Amino acid sequence: MILDQEIMATVSIEKQIREIKERRAGALEELVKTYTQPLIAAAFALGFSETDAEELAQDTFVSFLEAVDRFEGRSQLKTYLFGILYNKASTLRQKRWREEGTDDIEKAFDQRFDLDGQWSVPPKGPEDAALTQEIKRMIEKCAEGLPAQQRAAFFLRETEGERAESVCNILKVSPTHLRVLLFRARVKLRECLERKWSQSQ
Amino acid sequence: MMPSFIPSCREVSSRLAFGEFKEASWKTKTLVRVHLFMCRDCRRFLRQMRIISEGLRETFKENLTTDRLNAIQSKILSRLQK
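So the protein sequences, as listed, match chains A and B. Per the numbering used here, the first sequence starts with residue 49, numbered consecutively. Per the numbering used here, the second sequence starts with residue 44, numbered consecutively.
Please keep in mind that the hints were generated in silico from the structure rather than gathered at the bench. Predicted model only: the values in this text are computed from it and were never measured. Accuracy of the hints is not assured; some may be wrong.
[To be verified] What follows is a set of in silico ranges between Cβ atoms, one per label pair, in the way DEER data are often shown: (1) Q124(B) x K172(A): 54 to 62 Å; (2) R122(B) x R185(A): 16 to 24 Å; (3) T224(A) x F48(B): 24 to 32 Å; (4) D110(B) x A115(A): 30 to 38 Å; (5) R111(B) x V110(A): 17 to 25 Å; (6) K189(A) x T108(B): 15 to 23 Å; (7) E77(A) x R93(B): 44 to 52 Å; (8) F119(A) x S68(B): 14 to 22 Å; (9) R185(A) x E66(B): 28 to 36 Å.
[Stated by the list, open to error] Now the stretches of chain B that chain A is said to cover, found in silico as 3 or more residues with beta-carbon under 8 Å: (10) 69-80; (11) 92-104.
[What the hints assert, rightly or not] Taking lysine-lysine and the DSSO-like style, the derived pairs with C-alpha atoms no more than 27 Å apart in a straight line are: (12) K125(B) x K126(A); (13) K65(B) x K126(A); (14) K104(B) x K184(A); (15) K81(A) x K69(A); (16) K72(B) x K172(A); (17) K184(A) x K172(A); (18) K220(A) x K118(B); (19) K63(A) x K155(A); (20) K72(B) x K81(A); (21) K65(B) x K172(A); (22) K136(A) x K70(B); (23) K244(A) x K125(B); (24) K189(A) x K104(B); (25) K65(B) x K136(A); (26) K136(A) x K81(A); (27) K63(A) x K65(B); (28) K72(B) x K126(A); (29) K125(B) x K136(A); (30) K72(B) x K220(A); (31) K63(A) x K125(B); (32) K72(B) x K244(A); (33) K189(A) x K136(A); (34) K81(A) x K125(B); (35) K65(B) x K184(A); (36) K69(A) x K118(B); (37) K244(A) x K136(A); (38) K155(A) x K118(B); (39) K125(B) x K69(A); (40) K70(B) x K81(A).
Each residue gets a CB set at the ideal place from its N, CA and C atoms; glycine is no exception.
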């Protein structure tokens with residue numbers, strides 16, 4: 049049953065690509081309708097303004113159409129588009145978002161534990177499992193302070209549900225580096241949330 | 044005091060921050076759960092990891108109004124059809 053669904057999905061993606069290659073209006077419309085929102089969300093996650101995000105999404109589609117003959121369907125269409133967008137974003141920024149090997153956040157994390165690995169500075173901050181508007185705004189603010197690559201990793205993995213392997217391909221990082229990016233993002237956000245929380249109390 | 048075969052707070056919270064709980068072995072999962080049952084601080088850490096994920100997912104999703112999105116889509120489409 050699952051296999052059938054997979055075969056059907058493959059057949060329909062092949063049909064979609066063929067129609068895009070033939071520049072059929074309906075196929076192009078479907079492509080743009082399906083992927084504009086995630087592409088713009090990805091550009092926002094990378095820290096771009098709305099104007100830049102729009103331009104990046106546009107350029108991504110243009111590049112995709114120019115090179116659609118080279119698309120072999122080995123990756124998901126969305127993953128492939130994210131890859132193009134990330135490359136364009138890197139050029140736009142004129143720098144690679146590669147990070148330093150160490151990060152202060154790892155030290156900050158270590159300092160919270162004693163030698164036995166027990167908390168010496170236990171976590172403070174929201175206790176309730178519910179996400180209130182107030183906490184959401186705090187998290188939003190904290191996320192603005194994250195480096196672009198960490199935000200992108202988080203966006204692709206958790207918001208878009210991309211597989212770890214695909215995220216590595218898009219961001220051009222190793223699986224180990226991806227783990228580190230996600231770890232740093234989560235620990236930084238938590239530290240930041242704790243700070244904002246205690247200020248608001 | 045936790046028995047020595049139970050992972051430490053440091054190990055539990057770093058697993059949670061790496062997002063590696065789902066892939067862990069059955070044995071590790073059980074030991075982490077026992078730790079969480081006994082440790083209020085790590086439970087708080089876990090809850091915070093969850094609201095952070097949820098909060099960020101929502102933040103990333105609520106980025107454009109439908110009108111704005113439609114306008115951008117039409118613009119892109121007309122450029123592609125040239």
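A quick look at each hint next to the structure:
Checked against the hint of 54 to 62 Å, the pair Q124(B) and K172(A) passes, with Cβ atoms roughly 55 Å apart. Evaluation of the 16 to 24 Å hint for R122(B) and R185(A) yields a failure: the beta carbon distance comes to about 36 Å. Between T224(A) and F48(B), the C-beta spacing of about 28 Å keeps the proposed range 24 to 32 Å intact. Between D110(B) and A115(A) the beta carbons are some 31 Å apart, a value that agrees with the proposed interval 30 to 38 Å.
For the pair R111(B) and V110(A), the supplied restraint of 17 to 25 Å holds, since their beta-carbon distance comes to about 20 Å. Judged by the Cβ atoms, the range 15 to 23 Å given for K189(A) and T108(B) holds: they are separated by roughly 21 Å. Taking 44 to 52 Å as the suggested C-beta distance range, the pair E77(A) and R93(B) does not conform, at roughly 38 Å. Under the hint 14 to 22 Å, the C-beta atoms of F119(A) and S68(B), about 38 Å apart, miss the expected range.
Separation of R185(A) from E66(B) is about 32 Å and conforms to the stated range, judged on CB atoms against 28 to 36 Å. By the rule of at least three residues with a Cβ nearer than 8 Å to a Cβ of chain A, the coverage given for the stretch 69-80 of chain B is violated, with 0 such residues. Taking a C-beta to C-beta cut-off of 8 Å, the stretch 92-104 of chain B contributes 13 residues in contact with chain A, enough for the three needed, and the coverage statement holds. For the suggested pair K125(B) and K126(A), the alpha carbons sit about 23 Å apart, so the restraint of at most 27 Å is met.
Distance check on the hinted pair: K65(B) and K126(A) sit about 25 Å apart at the alpha-carbon level, within 27 Å; holds. Using a Cα cut-off of 27 Å, the hinted pair K104(B) and K184(A) holds, with the two alpha carbons roughly 13 Å apart. Distance hint between K81(A) and K69(A) is fulfilled; the C-alpha atoms sit about 17 Å from each other, no more than 27 Å. For a cut-off of 27 Å, the pair hint linking K72(B) to K172(A) stands: about 25 Å separates their Cα positions.
Between K184(A) and K172(A) the alpha-carbon distance is near 17 Å, which keeps this suggested pair within the 27 Å criterion. A threshold of 27 Å between alpha carbons decides the hint, and for K220(A) with K118(B) the separation of about 31 Å lies outside it, so the pair is violated. Our distance criterion of 27 Å between C-alpha atoms is broken by K63(A) and K155(A), whose separation comes to about 52 Å. Note on K72(B) and K81(A): the hinted pairing is violated, with a Cα-Cα distance of about 41 Å set against a maximum of 27 Å.
Restraint check: the Cα-Cα separation between K65(B) and K172(A) comes to about 25 Å, which is no more than 27 Å; the hinted pair holds. Straight-line distance between C-alpha atoms of K136(A) and K70(B) comes to about 44 Å, which puts the hinted pair past the 27 Å bound. Simply put, K244(A) and K125(B) have alpha-carbon atoms about 50 Å apart, too far for the 27 Å limit, and the pair is violated. Using a Cα cut-off of 27 Å, the hinted pair K189(A) and K104(B) holds, with the two alpha carbons roughly 15 Å apart.
The straight-line distance between the Cα atoms of K65(B) and K136(A) is roughly 33 Å, outside the 27 Å bound, and the hint therefore fails. Our distance criterion of 27 Å between C-alpha atoms is met by K136(A) and K81(A), whose separation comes to about 21 Å. For the hint linking K63(A) to K65(B), the alpha-carbon distance of about 36 Å lies beyond 27 Å, and the restraint is violated. For the given pair, K72(B) sits about 33 Å from K126(A) by alpha-carbon distance, which is inconsistent with the 27 Å threshold.
A distance of roughly 22 Å separates the Cα atoms of K125(B) and K136(A); the hinted pair therefore holds under the 27 Å criterion. Only pairs whose Cα atoms come within 27 Å are accepted, and K72(B) paired with K220(A) is rejected, the gap being roughly 31 Å. For the hint linking K63(A) to K125(B), the alpha-carbon distance of about 22 Å falls within 27 Å, and the restraint holds. Proximity of K72(B) to K244(A) is assessed by CA-CA distance (about 32 Å); at most 27 Å being required, the pair is judged violated.
At roughly 26 Å between alpha-carbon atoms, K189(A) and K136(A) fall within 27 Å of each other, so this suggested pair holds. A threshold of 27 Å between alpha carbons decides the hint, and for K81(A) with K125(B) the separation of about 17 Å falls inside it, so the pair holds. Restraint check: the Cα-Cα separation between K65(B) and K184(A) comes to about 25 Å, which is no more than 27 Å; the hinted pair holds. Distance restraint check for K69(A) and K118(B): the Cα-Cα separation of roughly 20 Å lies within the 27 Å cut-off, and the hinted pair is therefore satisfied.
In summary, the hint linking K244(A) to K136(A) is not supported, as the alpha carbons are separated by about 34 Å, beyond the 27 Å threshold. Among the hinted pairs, K155(A) with K118(B) is inconsistent with the structure: their alpha-carbon atoms are about 47 Å apart, more than 27 Å. Of the pairs offered as hints, the one joining K125(B) and K69(A) holds, with about 15 Å between alpha carbons and a cut-off of 27 Å not exceeded. Only pairs whose Cα atoms come within 27 Å are accepted, and K70(B) paired with K81(A) is rejected, the gap being roughly 45 Å.
Checked against the numbered hints given earlier, the structure breaks hints 2, 7, 8, 10, 18, 19, 20, 22, 23, 25, 27, 28, 30, 32, 37, 38 and 40 and satisfies all the rest.
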